[in-house]
Amino acid sequence: MNQTTAHPAHLQHHFTDAHQQAESAKLGLWIFLLTEVLLFGGLFCFYAIYRSWNPDMFHNAHAFLNVWMGATNTVVLIVSSLTMALAIRSMQLGRRKHTIVFLSGTVFLACVFMVIKYFEYSHKIHLGQLPGKWYFFEGIAGTNPHIFFSAYFLMTGLHGFHVLGGIAVITWLIIKTSRGSFSPEYYTPIEMTGLYWHLVDLIWIFLFPLFYLIG
Amino acid sequence: MEHTIPEKHYLNEATGWKSWLMTLDHKRIGILYMIMVMFSFFLGGVFALLLRWELISPDKILMGPEMYNQAFSLHGIIMIFLFIIPSIPAILGNFVMPLMIGAKDVAFPRLNLASWYIYVIGFCFAVYALFTGGIDTGWTFYTPYSNETTTAVIPILTAAFVLGFSSIFTGLNFIVTIHKLRAPGMTWFQLPLFVWAIYATALIQVLATPVLGITLALLMLERVVGIGIFDPAMGGDPVLFQHFFWFYSHPAVYIMILPGMGIISELIATFSHRRIFGYKFIAFSSLGIAFTGFLVWGHHMFVSGQSDLAAVIFSFLTFFVGIPSGIKILNWMATMYKGSISLDTPMLWALSFLILFSIGGFTGIVLGTLSIDVHLHDTYFVVSHFHYVMVGGTVMAIFGGLHYWWPKIWGRMYNETLARIAVVLIFVGFNVTFFVQFIMGTQGMPRRYYTYLPQFQGMHGFSSIGALIMGVGFLLIGIYLIHAIFKGKPAGPNPWRALTMEWETPSPPRAGNFEGAQRLTHGPYDYDKVVPENALKQYKTL
Amino acid sequence: MKDDAAQRHILPLNLYLAVGSGLLVLTVITVAVAQMDFGQMNLLIAMGIAVVKATLVAMFFMHLKYDNRIYMLVFVGSLLFLGVFIIFTMFDTLRRGDIYEEIAEPYQKEAVIYRTAETGTASSHAAADSSHNAAETETETSDH
Amino acid sequence: MDTTRSLFLPPQGSTVASDVDALFGFIFWISLFFFVGVTAITVYFCIKYKRKSETGQTTPYVESLALEITWIVIPTILLMVIFVWGFQDFVRLHIVPANSMEIKVTGQKWFWSFNYDEGATGVGELVVPVGQPVKLLMSSKDVIHSFFVPAFRIKMDVLPNRYTITWFEATMTGEFEIYCTEFCGKGHSEMWGTVKVLPKDEFAKWLEAGSGPGEGESMKEYGARMFVKNACNTCHSLDGSKNVGPTFQGLFGRREVMSDGTTITVDENYIRESILSPMAKQVVGYDPVMPTYQGILKDVDIDGLIAYIKSLEN
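Residue numbers (this note's numbering), protein chains in the order written: chain V, 1 to 215; chain A, 1001 to 1542; chain W, 2001 to 2144; chain E, 3001 to 3314.
Chain V on its own, in the form it takes in the complex (with noise of 0.2 Å):
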């Protein structure tokens, strides 16, 4: 809305140019990357304190999630990771075919990541292993369980949200690509995406083996 004529369209009338404007939204992008890390920051705090207290209700406790499942997941979105980058690479590039089928197997292996999600918590929630005071399973020797699932329910949950939130912005990003609003000159919003994505796999990479392989 600020474009004057003399500028490409994309670029924003306060910068000077664009290789300005790009470095400004990639800084401001990793200093919200750096907020993302401090706010799941506080549920590592929880899970390292109450893991600390109760080491041994935290291993009973762990030994009740699938790891297979957890680990397909891992796998998930390692790979979605790999096609987000691929999908940058292909712009770059200016493949912009390749990139809307890398974008389009992003999503659809974060999909996948969900619906295994779905899964795993609609079992525990038959078991009655809930959070908090909604927990009612028997059978996990330790002090206070119900605080493991509180961790285990509250941290892979914002991650899941953090993976909606993904599936939302990059399925804009395919419809986006496939108007041409992207080149190799300018393809910032692709970039961004792509970073955020990798933070999202990058914080399960240690939610996997902090929940299903010690706990």
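Quick caveat, the hints were computed from the structure, so don't treat them as lab data.
Worth double-checking, as some hints may not be accurate.
[Said to hold, decoys possible] Dumping the calculated DSS-like pairs for lysine-lysine here, alpha-carbon to alpha-carbon at most 25 Å:
(1) E/3229 / E/3135
(2) A/1338 / E/3052
(3) E/3229 / E/3242
(4) E/3141 / V/133
(5) V/97 / V/176
(6) E/3052 / A/1529
(7) A/1529 / E/3048
(8) A/1338 / E/3050
(9) A/1060 / E/3242
(10) E/3220 / E/3205
(11) E/3310 / E/3242
(12) A/1180 / W/2065
(13) A/1060 / E/3229
(14) E/3196 / E/3104
(15) E/3186 / E/3242
(16) V/117 / V/133
(17) E/3186 / A/1060
(18) E/3205 / E/3229
(19) E/3205 / E/3104
(20) E/3310 / E/3229
(21) E/3104 / E/3135
(22) A/1338 / E/3048
(23) A/1529 / E/3050
(24) E/3229 / E/3196
(25) E/3186 / E/3229
[Claimed, not checked] Derived CB-CB ranges, DEER-like:
(26) V/172 / W/2073: 25 to 35 Å
(27) V/112 / W/2010: 25 to 35 Å
(28) W/2022 / V/184: 22 to 32 Å
(29) A/1455 / E/3280: 39 to 49 Å
(30) E/3070 / V/157: 52 to 62 Å
Every residue gets a Cβ at the ideal spot worked out from N, C-alpha and C, and that includes glycine.
Based on these hints, arrange chains A, W and E on the given structure of chain V.
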């Protein structure tokens, strides 16, 4: 030569309410913030006066204990989350900072407007809570009390949560702006110190506020769902909540004071007409405070039942916050040495800051000391220390800054006589209100008390008189500042003969800030080399 | 805009594929290793592998290796402050009740007369008030 | 020794108080010295370097690294002295002497109760001997409270999920205030108590007597004393007005409708049950907020209260 208001400027280049509510101009967004934040200040001030009125006597005057508890909670929440945290960055940072670095706007203007709307949403939640049962937890929301009280905890937590996002976005925007949009040729060490302070503040905003977000979210979930992390009845740990809360809220204190220090650096240099002494030390002390501020939160918890090891570490690190603050004060004084000092109103605010903030700092050392804090924790000594830093520090700086930049913002000058009367009223009123609270605190008067033992009545009464004086002072400021917007004498581009870049524009500036690309011609404090040519002194000095 | 193009790093396809495969292999390894019990080392091994994986993602997928170093600073900075948050909180949560364990080596011997008897003060009084059901949590956290 | 004490700090009632005050005095005088210095120099500069010319141009100066280092190093040294001093006193405040006498402190909305090993109990009044270290083992029944005795310079939060500990040794007899300093709701500002420091022999007698009416005191008078001492008066009025709980005026023999719809006549057994298990039968229209006095009140105390309530006619 008389000054005139330029024909076209940011206030009249577009008209209609839509041009304001949809604006992407950082100056207009600064004004939008000013309206909301100052209204919050007024609201919080009304609660403060109600509190002081009630405390004139240990018996009931206006309200019962439940009402009183809500009034002090709302006073704290409004003043902290709605007023003092957004105040300087969102109003003056927004308006002045891009001008100071020669930028046409902040890096992300739409995000900037969005943060204002987010602020308004947060404000609405707070007002909603006010009318649906209030809140009586204090601004600290300590569990398990906040978990079981029947007041409107959820709306107020939502308000604080939402306001946090506004704060994060502002901080993010400013960091990128300062990194990427400086005028060509402007290096980091040619930045005005206010910009350094805003930068350090923004770092804290983006680093600490997300933790507040997750803390408040967890507390809401604890209340709604019962996740058992902070609730002792379910095996949770209430002291853990205090860690989570203070990890944000202690650095937040530096979100409140650092920009104030930045303003004082500008004021002292301008009104002493002297190159700032120890530029790099002041700049780095801002970053030092921002960093150390993250390592000391546990000093709010010396008697909370945290481990002794933690208490000792936190106390030790606390003393290192005192040092950069001391550096700043001493450098400001050295700046005045052999200066050419003019005691205009903004300078009077700066001097008030210097005196009151020193007291706040010294009493901070008292509180950081382990053994003494055991006695003084949660007494009026803490209340007084906090107000000496926040009101004696930040509020003095806000009003110093508003008076300093008022001619730039509106192009018109306020009434200097009334302004000086107001400074004196507030300085006196403030000390009357709060100095006596140090004595009450050391004598053992606990905070958040609706009623008290008769031996404190004299001091409480004295304190309340001071609050009234302050109230009158702030009212006076409101009147003459608003009057100046419409009827003040045109101020000219540079009434104070200052050298930072915002004074190179006309007052009020035009919508795009500068004609063409701004170039750096001199440093921000080259008072020994440069006399600004656009300056014309109109007002006689004292 | 010419600068812009020059600064862009288009990484070879093989590099992406190699990093992706590396991540998958590491996932298999961490799952396999977790089936064995190394006691205290379990946490270290799992976290070690996760850190390697995270580094790969950050360096190559997120281009940190090739980009302006300020992004690296931002990212590492966020981890640093997260570390401060967790470690400083643990100074409290892991060390509660310390001073009663340190009776054998008092800090200032002449200052006060020290307890010589048993140190488990909390648990002996739990029976004093039957309604303190939550007090058991304390006993567990302080008597370690 | 120094004059600040009379103005700023309360009497020194415990062994640690004089040490804490000495450090307070040290910081006070240092701060005063620097504060006066800063203010005086600032004012002097404002007068001496008042702007004289219209342009107000100033001379260049040289940055002084030596000066900067001086005013970094000197405060750092002073602050470290203060830290170490405060740390030493803090350790004393936290390490309980071996020969301490132990008292269990319970905080709840909104009163303090004290249980002695010997079986005596007290509400709102902590009776201790002079010259004897006393260890307080504290916990809360609801939210966080904080136990504060200004005269002893001690304060410690009282938590619902675990025990916290503090100690003191009173150095003079007399009565000193106890405050709650962690906000705990409506009655927070009236969660007061008293520490009564007795000479050792008197304390021994007090402990032996335990409780019960004093000599020449009727059960009714004793009950009236218990009514105030146990903070019944914060929720139950005597003049017929509705408070948190039902008024005691004309309570005995009154017919009350319970929250489950039944009607009962208030008799000795109902009063006793309401004191010991308040949740069993509640008068309709009141919140179930009354705490149990099980373990706090003895039979003789309840007898006294019943006698007192009987005497409160319309």
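Status of the hints after comparison with the structure:
1. E/3229 / E/3135: 23 Å, holds
2. A/1338 / E/3052: 12 Å, holds
3. E/3229 / E/3242: 21 Å, holds
4. E/3141 / V/133: Holds. Residue 3141 of chain E to residue 133 of chain V sits at ~20 Å (cutoff 25 Å).
5. V/97 / V/176: With a Cα-Cα distance of about 12 Å, the restraint between residue 97 of chain V and residue 176 of chain V holds, given a limit of 25 Å.
6. E/3052 / A/1529: 18 Å, holds
7. A/1529 / E/3048: It holds: about 22 Å lies between the C-alpha atoms, which stays within 25 Å.
8. A/1338 / E/3050: Status holds; Cα separation ~9 Å.
9. A/1060 / E/3242: Cα-Cα ~17 Å, so holds.
10. E/3220 / E/3205: 24 Å, holds
11. E/3310 / E/3242: 19 Å, holds
12. A/1180 / W/2065: 21 Å, holds
13. A/1060 / E/3229: The given pair, whose Cα atoms are some 23 Å apart, holds under the 25 Å limit.
14. E/3196 / E/3104: 16 Å, holds
15. E/3186 / E/3242: 16 Å, holds
16. V/117 / V/133: With Cα atoms ~22 Å apart, residue 117 of chain V and residue 133 of chain V stay inside 25 Å; holds.
17. E/3186 / A/1060: The hint holds at about 14 Å.
18. E/3205 / E/3229: Holds, because 20 Å separates the two Cα atoms, which is no more than 25 Å.
19. E/3205 / E/3104: Cα-Cα ~20 Å, so holds.
20. E/3310 / E/3229: Measuring from Cα to Cα gives roughly 18 Å; hence the hint holds.
21. E/3104 / E/3135: Between residue 3104 of chain E and residue 3135 of chain E the Cα gap is close to 8 Å, so the pair holds against 25 Å.
22. A/1338 / E/3048: 8 Å, holds
23. A/1529 / E/3050: 20 Å, holds
24. E/3229 / E/3196: 14 Å, holds
25. E/3186 / E/3229: Cα-Cα ~19 Å, so holds.
26. V/172 / W/2073: 25 to 35 Å: 30 Å, holds
27. V/112 / W/2010: 25 to 35 Å: 29 Å, holds
28. W/2022 / V/184: 22 to 32 Å: 28 Å, holds
29. A/1455 / E/3280: 39 to 49 Å: Given about 42 Å between the Cβ atoms, the range holds.
30. E/3070 / V/157: 52 to 62 Å: 56 Å, holds
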